[in-house]
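Trainee: Keeping their order, the protein sequence lines are chains A and B. With the working numbering as the guide, the letters of the first sequence map in order to residues 4 to 201. With the working numbering as the guide, the letters of the second sequence map in order to residues 25 to 200.
For the record, the hints were derived by calculation from the structure and aren't laboratory data. There may be inaccurate statements among the hints.
Footprint (simulated), chain A over chain B, 3 or more residues, beta carbon under 8 Å [what the hints assert, rightly or not]: (1) 175 to 185; (2) 191 to 198.
Keeping only pairs whose Cα atoms sit at most 27 Å apart, straight-line, the calculated DSSO-like set for lysine-lysine is [as the list claims (entries may be wrong)]: (3) 52/B <-> 140/B; (4) 52/B <-> 97/A; (5) 140/B <-> 54/B; (6) 140/B <-> 122/B; (7) 122/B <-> 52/B; (8) 56/B <-> 97/A.
We treat Cβ as the ideally placed atom computed from N, Cα and C, and that holds for glycine.
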Amino acid sequence: MGLTLPVTAAYQASKDEYLATKLGHLVDLLREHTVNWSRKNSLWPMPFATACCGIELMATGASRYDIGRFGAEAMRFTPRQCDLLICAGRVAIKSMPVLQRIYMQMAEPKWVISMGACASTGGVFDTYAVVQGVDQFLPVDVYVPGCPPRPETLLEGVMAIQRIVEKDGVKGSAERGRGMGLVVQSPIQVSVNQPSAS
Amino acid sequence: MATAAAIECLAKQFTDIDFAPSPLLEMKDKSKEQLCVRIPAARLLEVMRFLRNDPRCAFEQLADLTCIDYLNFPNARDRFGVIYSLLSLSLEHRLWLKCFVNDPSPEVPSVTGIWKGADWLEREVWDMFGVRFAGHPDLRRILTWEGFKAHPLRKDYPLRGQGEREDFETVTRESA
């Protein structure tokens, strides 16, 4: 003999509320996914190019490598229109306040690529006047290795930013903590000629 | 040998100064040698004014102004040598001058009143070596940033600095 619970008004109300919440979550999820999808495919880089990495950055933007394939071709030279700061090249301590000001002027949400050995670690310029890695003074999301990195490597860095955008949702910079600590591997594999087994 | 003639008339004009002219680099062809003379800091301005205005010298252009730190240099008697490179466009000759100054407060008179272009060069020497230029209109640092205390091209300054590059404000995601 089955036990049937009487459908009270209170139960019906809580059930409706539950469904509404579920529906709300679904809508949120869809919206978040759509926003992230559109956002990751239309990054607006702010180039801060101070050295030879800037030349590779220009090559990445030009027709042969075409950063536009990843929707990031709209480079603007004002931080207020940008959401991806690409720091390409060594940064002198005298220009660090400029870089920080540029970062602070960018609208949320925003991401930072530290491109090349000098921007990431100071590189060979281990002197009194050069910042030993911009991540000492700025939150960096992706480090792109190389001296300078090839355009393919930078494109992999942009794709890493896209993965972060996709994963992190629409959270602003303030909610994401300081840097992601993600290092991009060079897509170019150096093959060593090994003697065949036969 | 126009430079030699200029040094000759300089020596005639200032008989009390030992200019000790010497070539920067010994060469087989003596006419191609570039000559360098020494000047005491106290007499620098009048010698420079003479070199600029005398028609036999006519050094219209200050080609360069730099400095050398002679710390731990073999057989050096003085700490800093301020180097002037003069060029005469009308007579087509060059002259190098060295003016030696010492710690604790190395100072030479400014030549901005004679060659206007000395302004930034003297600021650079002040910034990098800490040699003051008396009478300079605006003796501020030119290459390093405001608030930098040291003079980095001195031989006793460590290459990696004295903590200046680490001592800096950090911008985080929270603050930006």
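Trainee: Please go over all the hints and tell whether each is borne out by the structure.
Mentor: So, going through the hints one by one against the coordinates:
Only when three residues or more bring their CB closer than 8 Å to a CB of chain A does the claim for the stretch 175 to 185 of chain B stand; here the count is 6, and the claim holds. Coverage of the stretch 191 to 198 of chain B by chain A holds. Counting CB-CB distances below 8 Å, 7 residues qualify, and the rule asks for three or more. Taken as a hint, the residue 52/B and residue 140/B pair is broken in the structure, with Cα atoms around 36 Å apart against an allowance of 27 Å. Distance hint between residue 52/B and residue 97/A is unfulfilled; the C-alpha atoms sit about 47 Å from each other, more than 27 Å.
A hinted pair counts as satisfied when its Cα atoms are at most 27 Å apart, and residue 140/B with residue 54/B does not qualify at roughly 33 Å. Between residue 140/B and residue 122/B the CA atoms are separated by roughly 19 Å; this keeps the pair inside 27 Å, and the hint holds. A hinted pair counts as satisfied when its Cα atoms are at most 27 Å apart, and residue 122/B with residue 52/B qualifies at roughly 24 Å. Taken as a hint, the residue 56/B and residue 97/A pair is broken in the structure, with Cα atoms around 42 Å apart against an allowance of 27 Å.
Checked against the numbered hints above, the structure breaks hints 3, 4, 5 and 8 and satisfies the rest.
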